[in-house]
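Chains Y and Z: place on chain E using the hints.
Listed in order, the protein sequences are those of chains E, Y and Z. If you read the first sequence in numbering that gives the first Met the number 0, its first letter stands for residue 0, the second for the next number, and so on. If you read the second sequence in numbering that gives the first Met the number 0, its first letter stands for residue 0, the second for the next number, and so on. If you read the third sequence in numbering that gives the first Met the number 0, its first letter stands for residue 0, the second for the next number, and so on.
No lab work stands behind these hints: they were computed from the structure. Incorrect hints may have been included.
Here are the simulated DSS-like cross-link-like pairs (lysine-lysine), alpha carbons at most 30 Å apart as the crow flies [as the list claims (entries may be wrong)]:
1) K141(Z) <-> K169(Y)
2) K287(Z) <-> K341(Z)
3) K169(Y) <-> K125(Z)
4) K242(Z) <-> K179(Z)
5) K166(Z) <-> K169(Y)
6) K169(Y) <-> K164(Z)
7) K87(Z) <-> K169(Y)
8) K120(Z) <-> K169(Y)
9) K253(E) <-> K129(Y)
Just so we're clear, the structure is a prediction, and the values are computed from it rather than from any experiment.
Below, each chain spelled out in residue letters.
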Amino acid sequence: MNLRKLFRSEAASGYLLLSPTAIFSIVVMAAPLIAVVLFSFMTAGYLKIIWTPTLANYVTLLDQPIYVTLMMRSLIVAAVATAATVFSALPIAYFISFFVPPERKSLWLFLITIPFWTSYLIRVFLWKVILGYNGVINSAFLGLGIIHEPMTFLLYNANAVVITLAHAYAPFAILPIFVSLEKIDRSLLEAGQDLGESRFMTFIRVTLPLAVPGVVASVLIVFIPTVGDYVTPTLVGGNNGQMVANLIENSYFKLGNYPLGSAISVSAMGIVTVICLIFLFLNRRFLRSRS
Amino acid sequence: MNKGRGFRVYAFVYLAFLYAPIVLLPIFAFNDATIVSFPLTGFTTKWFVQMWNNAALGDAVRNSLIVAVSVSILATTLGVFAARATTRYRFPGQAGLLGMIMLPLVLPDIIIAVSLLVTILQLGISLTLKTIILGHTLIATPFTIAILNSAFQSLDRSLEEAAYDLGETKASTFRLIIMPLVMPGIISSLLIAFSISLDEYIIASFLGGTDNTLPLYIFSLFRFANQVPTVMALGTILAVLSVVLLTIAEYFRRRGIARAGGKDTGGFL
Amino acid sequence: MTNSPATAAPNAASKPIIQLRGLQKYYGDYHALRGITTDIREGEFFSLLGPSGCGKTTLLRCIAGFEDWSAGDLSIDGANMENVPANKRPTNMVFQSYAIFPHLSVAENVGFGLRRARLPKEELNKRVSEALDMVGLGGYGKRAAHALSGGQRQRVALARALILKPKVLLLDEPLSALDKKMREQMQSELRRLQRQVGITFILVTHDQEEALIMSDRIAVMFEGTIEQLATPQQLYRRPVSRKVAEFIGIMNFLPATVSRADATGIDVEVVGLGRATIAAEQCPAGAKTGAASVGFRPETMTVLYDNDPVPASGQIVTGTVAEVVYFGDMTYYDIKLDGVEKPISISMRNVVGRPVLERGAHARVSWDNGALVLFC
Chain E
0 MNLRKLFRSE AASGYLLLSP TAIFSIVVMA APLIAVVLFS FMTAGYLKII WTPTLANYVT
60 LLDQPIYVTL MMRSLIVAAV ATAATVFSAL PIAYFISFFV PPERKSLWLF LITIPFWTSY
120 LIRVFLWKVI LGYNGVINSA FLGLGIIHEP MTFLLYNANA VVITLAHAYA PFAILPIFVS
180 LEKIDRSLLE AGQDLGESRF MTFIRVTLPL AVPGVVASVL IVFIPTVGDY VTPTLVGGNN
240 GQMVANLIEN SYFKLGNYPL GSAISVSAMG IVTVICLIFL FLNRRFLRSR S
Chain Y
0 MNKGRGFRVY AFVYLAFLYA PIVLLPIFAF NDATIVSFPL TGFTTKWFVQ MWNNAALGDA
60 VRNSLIVAVS VSILATTLGV FAARATTRYR FPGQAGLLGM IMLPLVLPDI IIAVSLLVTI
120 LQLGISLTLK TIILGHTLIA TPFTIAILNS AFQSLDRSLE EAAYDLGETK ASTFRLIIMP
180 LVMPGIISSL LIAFSISLDE YIIASFLGGT DNTLPLYIFS LFRFANQVPT VMALGTILAV
240 LSVVLLTIAE YFRRRGIARA GGKDTGGFL
Chain Z
0 MTNSPATAAP NAASKPIIQL RGLQKYYGDY HALRGITTDI REGEFFSLLG PSGCGKTTLL
60 RCIAGFEDWS AGDLSIDGAN MENVPANKRP TNMVFQSYAI FPHLSVAENV GFGLRRARLP
120 KEELNKRVSE ALDMVGLGGY GKRAAHALSG GQRQRVALAR ALILKPKVLL LDEPLSALDK
180 KMREQMQSEL RRLQRQVGIT FILVTHDQEE ALIMSDRIAV MFEGTIEQLA TPQQLYRRPV
240 SRKVAEFIGI MNFLPATVSR ADATGIDVEV VGLGRATIAA EQCPAGAKTG AASVGFRPET
300 MTVLYDNDPV PASGQIVTGT VAEVVYFGDM TYYDIKLDGV EKPISISMRN VVGRPVLERG
360 AHARVSWDNG ALVLFC
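If we strip away everything but chain E, and leave its shape as in the complex, we get (with noise of 0.2 Å):
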């Protein structure tokens, strides 16, 4: 094969097309994370960076209980969440998938998609008006008399937390169970009830096992971004919401520890990948001992 045939080759012109989009995530993100992993192993001297390998920031994490029990508590709130927000969006999207003409499903989608695109910080915020001590819910159940005094209970706690993130994140579990709800041939549905399974039966044994890829794939774009948030915790988390994206915000800005900041965003990384490894095996034994 000649240069010439070579540079036309079909793969030649893929890595070439790719290439510049390639080297940016290359140059912009993989490289910075390395350079991260790299970090975590250093230490923070004064005004600069000690370059001697050491595991001490990841000591001290499992040292002080404060790191473990905030990263205890990301996970959970993000756990909690996502359950939230993957239970909730459920039904809407069956309800679009199976129950919305065709001709209107673009109209609902796009309807779900626009809170979504109006700023996420003045969302969150507004989340703190409705939930707060004087708030929405507040005035406007003290008006109907049904309380007495407001409930403090909403707000600056993980309860608002789990409320503004599933609120948050709902296209982005509703999307995916929708796509994977409208691959379902509904052949095989009418042919389940053909065979003299219930609708319901139907639902558990057919519709449910197909949709699961869909399922998985919003519990997982949920989850991974939702440990990591950073705005929610601040904003409505109060002393007791706060999570691990303020604790790498505080160790970077206000301790100016580099290092330690690093080691914090490495370990959450690490958790974070572990766990939806665990989830995606679990999630693969669980189908095939259907099968």
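Here is chains Y and Z on its own, set in the frame of chain E:
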């Protein structure tokens, strides 16, 4: 028709949940009270006037526009390369490379912010709007690829071959056939990247140095209770703007699909 | 039959426009073209016929310049096409999907290839409307391309390719997306168009009927090789192999034993029919004595009725009607000949006074030496 009534009721309750915060925006933006709570006290437009006369806000808006416009152009350009490469060619390692490029979709933004910050400081580069642009381009590119992929996918490969067969070069085929057909996708990709950048807080706060963008400015206002109604006014305008932008993007996306003779299958992402 | 492509064969003596010499194509390990050597003549309607995956489309795309070949030579009008890209070749293509540019009008589609010629506007308009007239779309120029029906798209694609006056027009399954009625209409139209412009048409198709109707010559392809290249009549009457025979129309096969083989022909004992003599041109070259099989088409045999006289040249065998399918103008019988397990198909034209036999009826079948083809 009783089928799915329960689902329908649920769907409307869910929509109410989704829209609850947004509905409150204009209510408090026009409410004549510094404290944001019920009951309402009266109608006013003074918050909009106050917002208009705020110089710091003007700077933040200008910075945000510079960043968002640059990001939309950069991310869309990178998206065009990637979408074209993956829809038109098959080559080993394609899925892996694309996976890497799409990774920011599932990477917490704070991790991206931290890693870029560390690297940029080590390289001795100062933090400016340019560094924000880098970070925002990174997180916006996966979205542009998702949109552009569907635009390029609905493009029948034989259209290119036909143009080439009729005497055009590869370059002129791209200009005469491919560009016009994917243009709606490009426009909606520009708009989506623009909105993502305009709305992003954490990366901008890590990489911005002393430069303020709009979200940074809004965040700083939250600390002052008397500024909250101004934020509401600002939020109202932003919400209207993004709905308009989004509607335009959706219009172009659908027109693109219709033009290429395809069938509409869903919304963004 | 003066109009039939085989006897007309106006170009038998004309020079080759495309020469293929040992053309090979690999996709990785997959051997798509296994050495194609043939000439395609100037001004003929040439078909590449075969099942999907036989390499016919790959060959067409090599000629068009969309595929590089791995070995061998391809020349068009005497010029070697190695490293000549598609946009520099004297060929134009009609795509299976028609590839009508959806954002351009009909006239802009048709005039697309003339952009580089930088003709004056009047000249361009004149040539576009001539091309549209030629394909029967006069006055459609201003229409939007996406508003056309399938048949109209097909015509636009034809006009767009022919306006450049290519030496060869390549057609990639152009009729497969049309319904039956439209397809039949376009078949005769394509034939007419080819005679009118007088250039070589190369058609890729998997539809044997379409190839028989339209072509001057047909290359039947299997697994990357040309199994037989012949006129439609030759192909139908004398397929070179069982594979070709089974792909084109219906052919019955009976086991046979050759007892004598020489230059004048062969003597053969056919199971179910008895002794027969087959002329040399109906046998493969170098036929030897021993086991073979004999084939014949359903319409070459006659189911006799009680009052039918025995034809002078024919021999008669007997059997039982195993199945009858009545088609209106035709009746298709499956008949189990005495002593043969597998039924043979026979088709009969329904004429006045001829009854249709029922299942299980006793049948007498007359046959003729001249209809038999020997396969080794």
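Could you work out which of the previously given hints the structure breaks and list their numbers from low to high?
none
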